[in-house]
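Since the structure of chain U is provided, determine the placement of chain A on it from the hints.
2 protein chains.
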Amino acid sequence: MAYKPYSGFEPKWITKAAAPDSYRSIFRWGDPDFFKLPKESLYNMMKDRLNVKDEDFRDYAMDLGFDKVELGPEYAPKMAQEHVDFFKSVYGDDWSQGDYDRMSVMYGQTCYDLLRLREKKFDSLPDIVLYPSESEQIVKTVAYCAEHKIPLYVYGGGSSVTRGVEPVKGGVSLDMRRKFNKVLYFNEVDQTITVQAGLSGPDYEKHLNNAVEEFGAKRAYTCGHFPQSFEYSSVGGWVVTRGSGQNSTYYGCAKDLVVSQKYATPRGEIVTSHYPREATGPNLNEIMMGGEGTFGVLTEVTLRFYRYMPENRHRFSYMFKNWNDAMEAAREMMQRECGFSSVFRLSDEEETNMMLRLYNVDDTPLRPMLEKLGYRDMERCLFLGFTEGEKGYSWNVYYNILKIALKHGAIPLTGYVCKSWEHGRFNDPYLRDTIMDFGICVDTLECCVNWSNMEKVHREVRKVCHAHPNSVITTHMSHCYPQGANLYFIFLTPIHESDAFHEYLQDILDAIVRSGAALSHHHGIGKMFAPWLEGNIGETEYGIFKLLKEYFDPDYTMNPGGTIGLDLAEDEKRFTRDGYDGYRDGYNTPAWDAVIAYDEKDEFLETLK
Amino acid sequence: MAYKPYSGFEPKWITKAAAPDSYRSIFRWGDPDFFKLPKESLYNMMKDRLNVKDEDFRDYAMDLGFDKVELGPEYAPKMAQEHVDFFKSVYGDDWSQGDYDRMSVMYGQTCYDLLRLREKKFDSLPDIVLYPSESEQIVKTVAYCAEHKIPLYVYGGGSSVTRGVEPVKGGVSLDMRRKFNKVLYFNEVDQTITVQAGLSGPDYEKHLNNAVEEFGAKRAYTCGHFPQSFEYSSVGGWVVTRGSGQNSTYYGCAKDLVVSQKYATPRGEIVTSHYPREATGPNLNEIMMGGEGTFGVLTEVTLRFYRYMPENRHRFSYMFKNWNDAMEAAREMMQRECGFSSVFRLSDEEETNMMLRLYNVDDTPLRPMLEKLGYRDMERCLFLGFTEGEKGYSWNVYYNILKIALKHGAIPLTGYVCKSWEHGRFNDPYLRDTIMDFGICVDTLECCVNWSNMEKVHREVRKVCHAHPNSVITTHMSHCYPQGANLYFIFLTPIHESDAFHEYLQDILDAIVRSGAALSHHHGIGKMFAPWLEGNIGETEYGIFKLLKEYFDPDYTMNPGGTIGLDLAEDEKRFTRDGYDGYRDGYNTPAWDAVIAYDEKDEFLETLK
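Listed in order, the protein sequences are those of chains U and A. The numbers in the working numbering rise by one with no breaks, and the one at position 131 of the first sequence is 131. The numbers in the working numbering rise by one with no breaks, and the one at position 183 of the second sequence is 183.
Incorrect hints may have been included.
No more than 25 Å apart at the CA atoms, straight line, and that leaves these computed lysine-lysine pairs for BS3-like [as the list claims (entries may be wrong)]:
#: 1; chain 1: U; residue 1: Lys-206; chain 2: U; residue 2: Lys-78
#: 2; chain 1: A; residue 1: Lys-36; chain 2: A; residue 2: Lys-47
#: 3; chain 1: U; residue 1: Lys-549; chain 2: A; residue 2: Lys-549
#: 4; chain 1: A; residue 1: Lys-456; chain 2: U; residue 2: Lys-218
#: 5; chain 1: U; residue 1: Lys-88; chain 2: U; residue 2: Lys-169
#: 6; chain 1: U; residue 1: Lys-121; chain 2: U; residue 2: Lys-78
#: 7; chain 1: U; residue 1: Lys-391; chain 2: A; residue 2: Lys-391
#: 8; chain 1: U; residue 1: Lys-456; chain 2: U; residue 2: Lys-419
#: 9; chain 1: A; residue 1: Lys-182; chain 2: A; residue 2: Lys-149
#: 10; chain 1: A; residue 1: Lys-407; chain 2: U; residue 2: Lys-391
#: 11; chain 1: U; residue 1: Lys-546; chain 2: A; residue 2: Lys-546
#: 12; chain 1: U; residue 1: Lys-403; chain 2: A; residue 2: Lys-218
#: 13; chain 1: U; residue 1: Lys-549; chain 2: U; residue 2: Lys-169
#: 14; chain 1: A; residue 1: Lys-39; chain 2: A; residue 2: Lys-12
#: 15; chain 1: U; residue 1: Lys-36; chain 2: U; residue 2: Lys-419
#: 16; chain 1: U; residue 1: Lys-218; chain 2: U; residue 2: Lys-206
#: 17; chain 1: A; residue 1: Lys-218; chain 2: U; residue 2: Lys-407
#: 18; chain 1: U; residue 1: Lys-179; chain 2: U; residue 2: Lys-206
#: 19; chain 1: A; residue 1: Lys-463; chain 2: A; residue 2: Lys-47
#: 20; chain 1: U; residue 1: Lys-407; chain 2: A; residue 2: Lys-47
#: 21; chain 1: U; residue 1: Lys-419; chain 2: U; residue 2: Lys-39
#: 22; chain 1: A; residue 1: Lys-140; chain 2: A; residue 2: Lys-179
#: 23; chain 1: U; residue 1: Lys-403; chain 2: A; residue 2: Lys-391
#: 24; chain 1: A; residue 1: Lys-573; chain 2: A; residue 2: Lys-463
#: 25; chain 1: U; residue 1: Lys-47; chain 2: U; residue 2: Lys-78
#: 26; chain 1: A; residue 1: Lys-4; chain 2: A; residue 2: Lys-88
#: 27; chain 1: A; residue 1: Lys-39; chain 2: A; residue 2: Lys-4
#: 28; chain 1: A; residue 1: Lys-4; chain 2: A; residue 2: Lys-16
#: 29; chain 1: U; residue 1: Lys-456; chain 2: A; residue 2: Lys-218
#: 30; chain 1: A; residue 1: Lys-218; chain 2: A; residue 2: Lys-179
#: 31; chain 1: U; residue 1: Lys-218; chain 2: U; residue 2: Lys-182
#: 32; chain 1: A; residue 1: Lys-546; chain 2: U; residue 2: Lys-549
#: 33; chain 1: A; residue 1: Lys-372; chain 2: A; residue 2: Lys-321
#: 34; chain 1: U; residue 1: Lys-36; chain 2: U; residue 2: Lys-53
#: 35; chain 1: A; residue 1: Lys-407; chain 2: U; residue 2: Lys-218
#: 36; chain 1: U; residue 1: Lys-391; chain 2: A; residue 2: Lys-403
#: 37; chain 1: A; residue 1: Lys-549; chain 2: U; residue 2: Lys-546
#: 38; chain 1: U; residue 1: Lys-456; chain 2: U; residue 2: Lys-321
#: 39; chain 1: A; residue 1: Lys-403; chain 2: U; residue 2: Lys-218
Simulated from the structure, these hints should not be mistaken for lab results.
Next comes chain U alone, as it looks inside the complex (with noise of 0.2 Å):
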């Protein structure tokens, strides 16, 4: 889509590269020659809903970083020299204690990440970064971490939204994005790839695509596994959070494609079996997968991966005319056992909306037309996605789709709208560094639902969402299961200071916990959504968390500073069952309806005559 002007004021949206070295090349999403700026529809959407005029969009309201990275002399590395040699024995060049190179390992993506770094906060620069290229080394850094009681963390592709990968109490950052990012095996009969844990998500994809020139497969592969922040994620990260991909619907999360992972922890290496199923015991895969770094290292993982059939791909896209039919069509197409799309991306009527005007729609006659037809604006409900797989599994997916969308009152928008949704899918992030030197924040939660708690999660998050003056909280449904889906909130709010932005946010996560949602579905836990975890998961269960912790790293060195929650304070925690009405009443949410009692189900029946 090419940029049309505005036909009245525009603001001087800023399209100028920042130098290599500035604030503004940390905090900016990816390529810094790229550029996204919203449509007049979008612009004209903020104006109206975030009670923000032209006039605040005459100047920044935030700073814009163009300036060069300097630390002052308090910020400078506390590490002890005869540890800074140790890693330069086992580094050699390979490590810096730059001022640049320990920020850009700083934060993440959250939009308090990029407040902070606005507000020029340092909180958590590490004394040195490491730039691993073997496992070997990593062994050997957290084994002297350890011994040493260093704080290790790690800085995968660097889009955490939780605050996972902070040094929050310095120490040591592995910058795993400059050389631990090679192939160690390809091995096509069982269609499995081992690679270095940094490897990020394009490179991983153009290897398994150009796999019959690179390793003389009889095809091409693919991945699966496409996160929003695919072009700047990396293979360890999908991992050790638990993501997930917008194809996950058919691929499978990250935990679906994980085979066997090698850790380096302080208790020694870890490595996990690599069969499809095991009846031996708990399973070690899934115990490690979702620590996050706080039991060890993730260093080589191996993942299954795919065909690449790109000629069996089906579009849809669909307009619903309200969120309870476009829901229980959801399930249905979850529910039929005709197998599953690969994206699979149903909006409600306030994204619905946004998505009109970001994909150009709102301009065209199928706006009229749809108010002429009933799918009223801020009713109707966009639903999108493609099929995959081999030709006649996808054509009968796609096939069953269609029928189940009409039969639920849809109207067909052929594949175009998808089309725009593939454009924009992996530079989103862009438009949102655009508007934010406005001081207009965007970010995003998620949360996993069963499909009869669904409607009140979504209704209880909005809730409390709307409660806030000047707030958009958009919502789509993806990564769908027979069981449920997940719910994935957007919201827009002009917010100048990373203490506020981070007020907002308890209050919605408190909102998505408390209607008997799971704190993430993808996202994971990192620093930020920690306060929570207990409460969600219970005292007893959560227990197991922190032994596996003591056994692994008894010293409290990996990943340190609440990630997960190991180390938090107990007022420090946020979330508690306590005088929380019903919380998992016979294992469920006190909303469900849905469910039947057994002992009840005479009372029930009769209902029913």
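The following block gives chain A in isolation, referenced to the frame of chain U:
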């Protein structure tokens, strides 16, 4: 299939029901009035291959156990009266210290168990048997046993083949069969159901099949889990051992069906969460499954269920020319991304020979026809199964299997053979009892293998088995995945003593583990396979199991005596990695020729030119 009298000598097969108070009623499988006798061609095969003669079938080689169970005073319960009084206070009349009741929960269903019963070796009598009907009773029992250090065992369906249920240290056995079998919640929106762990397979399936009448549901459902032991298995047993059903290639294993679990442990109740996916630290469902009763007692479990659509089922059977062609075809079926068949069962040459005898095909014109077409006896491999799911999905899988089979040189045999297999699928254990009267043991072992290591595991295990005189070992592949499959071994051999059988088994287990397979795909570990577990998993990795044990049950009162190896002495361990070259080298077993180390890829590509 009606039974046809033999042309020559016919053994005096026993077809008399055993009295309900007899030893035979305990060691014989299932229905006392049902009998399964070998067809003549199978009888002839045993004579050919096991070095037994008609002579050996003139009289019984083993104790038939028709006598009444009566224990001498040396086997009297040893439990202090105060404990008995406590259990009475919790269970009312639902307890027993009777000889028969205690003996009926002593062993499971491995030949080692059956032989010991025929030998009247009473190794493991509990002091009291309790019949819980409510979770609350189990919670109290667990707490009491932990406090007073009384060993606590659980007897679910009793079909364990790993000595998993055996109360080797006496104490309490919870017999779940009688009263712990209720449905607690039925949730049609989420397609989940919560049941007490003692519910039997057939009762569970009946509830789901009758969901319309029982729960006012919109349609009928199926559990999708049908192990060979289905009729005498319990839902809880499926879960704690990580079991699989014969239809798992489509429906998934127990671990894929579990939504949530509730355990009574000495540390307190553990409730796992119920979301389809979560990124909230290590996965608790996957930690609890596989505990096999050593962490606590599974009381309630929520499972997902599926739509019951037998009208969409397509049966198939094919004959391949040899195991290698068949394996290649099977792998292609799993990796094509066309969907998965429900039953997927591929027999090797030796099993095919036996199957054709068992399923009547041997007497038909098919046999000479196959020979003529080049599908030779002891080379050809039988492949059968059926597809399920939505109509188009089921058809697409069926159609792709057809295409792939033909491409790999298979000949279609119509659905007849599959129907014969279905007819006998749950009653083969009766046949085992019949021939055991004459001293012939039939038992099974199974393991999980990646595709690239499958030929090796198949070869090595058969080699070891054939090295024993008078052994038949048949193999099939079932429970298949894109990355590998389960190999299932059935062996027949004349053995009259439990100790000799145990030694025989050990040799095969050694071969399984040394050839690089997982120790178990779905039977679990119990007490019988425990000596191999730590070596199979790794020492630091296995330490995690011990850690979990210490957390839940620090006094080792839950299923003590070696279950999953937790309280094994060092000298009881059988397999260590010492001296075993290349074990899991680069995550892989040494024989993985298919693996290309990336740094040798140029050299490899050269060889392709």
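Here is what the structure says about each hint:
1. In summary, the hint linking U:Lys-206 to U:Lys-78 is not supported, as the alpha carbons are separated by about 40 Å, beyond the 25 Å threshold.
2. For the given pair, A:Lys-36 sits about 18 Å from A:Lys-47 by alpha-carbon distance, which is consistent with the 25 Å threshold.
3. Distance check on the hinted pair: U:Lys-549 and A:Lys-549 sit about 15 Å apart at the alpha-carbon level, within 25 Å; holds.
4. Straight-line distance between C-alpha atoms of A:Lys-456 and U:Lys-218 comes to about 23 Å, which keeps the hinted pair within the 25 Å bound.
5. With a C-alpha separation of about 21 Å, the suggested pair U:Lys-88 and U:Lys-169 falls inside the 25 Å cut-off, and the hint holds.
6. Restraint check for U:Lys-121 and U:Lys-78: satisfied, since their Cα atoms lie roughly 18 Å apart, inside the 25 Å limit.
7. Proximity of U:Lys-391 to A:Lys-391 is assessed by CA-CA distance (about 16 Å); at most 25 Å being required, the pair is judged to hold.
8. Of the supplied pair hints, the one linking U:Lys-456 and U:Lys-419 is violated, its CA atoms being roughly 31 Å apart against a limit of 25 Å.
9. Between the alpha carbons of A:Lys-182 and A:Lys-149 the distance comes to roughly 30 Å, so the proposed pair goes past 25 Å and is violated.
10. Taken as a hint, the A:Lys-407 and U:Lys-391 pair is honoured in the structure, with Cα atoms around 18 Å apart against an allowance of 25 Å.
11. For the hint linking U:Lys-546 to A:Lys-546, the alpha-carbon distance of about 15 Å falls within 25 Å, and the restraint holds.
12. About 19 Å separates the Cα atoms of U:Lys-403 and A:Lys-218, which keeps this hinted pair within 25 Å; it holds.
13. Pair hint U:Lys-549 plus U:Lys-169 holds up; C-alpha atoms about 18 Å apart against a cutoff of 25 Å.
14. Between A:Lys-39 and A:Lys-12 the CA atoms are separated by roughly 14 Å; this keeps the pair inside 25 Å, and the hint holds.
15. Restraint check for U:Lys-36 and U:Lys-419: satisfied, since their Cα atoms lie roughly 17 Å apart, inside the 25 Å limit.
16. Distance hint between U:Lys-218 and U:Lys-206 is fulfilled; the C-alpha atoms sit about 16 Å from each other, no more than 25 Å.
17. The straight-line distance between the Cα atoms of A:Lys-218 and U:Lys-407 is roughly 17 Å, inside the 25 Å bound, and the hint therefore holds.
18. The hinted pair formed by U:Lys-179 and U:Lys-206 meets the criterion: a straight-line CA distance of about 17 Å does not exceed 25 Å.
19. Restraint check for A:Lys-463 and A:Lys-47: satisfied, since their Cα atoms lie roughly 21 Å apart, inside the 25 Å limit.
20. Of the pairs offered as hints, the one joining U:Lys-407 and A:Lys-47 is violated, with about 63 Å between alpha carbons and a cut-off of 25 Å exceeded.
21. With a C-alpha separation of about 17 Å, the suggested pair U:Lys-419 and U:Lys-39 falls inside the 25 Å cut-off, and the hint holds.
22. Distance restraint check for A:Lys-140 and A:Lys-179: the Cα-Cα separation of roughly 17 Å lies within the 25 Å cut-off, and the hinted pair is therefore satisfied.
23. With a CA separation close to 13 Å, the supplied pair U:Lys-403 and A:Lys-391 stays within the 25 Å bound.
24. The straight-line distance between the Cα atoms of A:Lys-573 and A:Lys-463 is roughly 24 Å, inside the 25 Å bound, and the hint therefore holds.
25. Restraint check for U:Lys-47 and U:Lys-78: the C-alpha separation of about 47 Å exceeds 25 Å, so the hint is violated.
26. About 53 Å separates the Cα atoms of A:Lys-4 and A:Lys-88, which puts this hinted pair outside 25 Å; it is violated.
27. A distance of roughly 7 Å separates the Cα atoms of A:Lys-39 and A:Lys-4; the hinted pair therefore holds under the 25 Å criterion.
28. For the hint pairing A:Lys-4 with A:Lys-16, the CA-to-CA distance comes to about 18 Å; that is within 25 Å, so the pair holds.
29. Note on U:Lys-456 and A:Lys-218: the hinted pairing holds, with a Cα-Cα distance of about 23 Å set against a maximum of 25 Å.
30. Taking the CA atoms of A:Lys-218 and A:Lys-179, the gap is near 29 Å; set against the 25 Å cutoff, the hint is violated.
31. Between the alpha carbons of U:Lys-218 and U:Lys-182 the distance comes to roughly 21 Å, so the proposed pair stays at or under 25 Å and holds.
32. The straight-line distance between the Cα atoms of A:Lys-546 and U:Lys-549 is roughly 14 Å, inside the 25 Å bound, and the hint therefore holds.
33. Note on A:Lys-372 and A:Lys-321: the hinted pairing holds, with a Cα-Cα distance of about 12 Å set against a maximum of 25 Å.
34. Taken as a hint, the U:Lys-36 and U:Lys-53 pair is honoured in the structure, with Cα atoms around 21 Å apart against an allowance of 25 Å.
35. With a CA separation close to 17 Å, the supplied pair A:Lys-407 and U:Lys-218 stays within the 25 Å bound.
36. For the proposed pair U:Lys-391 and A:Lys-403, the alpha carbon gap of about 13 Å is at most 25 Å, so the pair holds.
37. Only pairs whose Cα atoms come within 25 Å are accepted, and A:Lys-549 paired with U:Lys-546 is accepted, the gap being roughly 14 Å.
38. Proximity of U:Lys-456 to U:Lys-321 is assessed by CA-CA distance (about 19 Å); at most 25 Å being required, the pair is judged to hold.
39. With a CA separation close to 19 Å, the supplied pair A:Lys-403 and U:Lys-218 stays within the 25 Å bound.
Checked against the numbered hints given earlier, this structure breaks hints 1, 8, 9, 20, 25, 26, 30; the rest are met.
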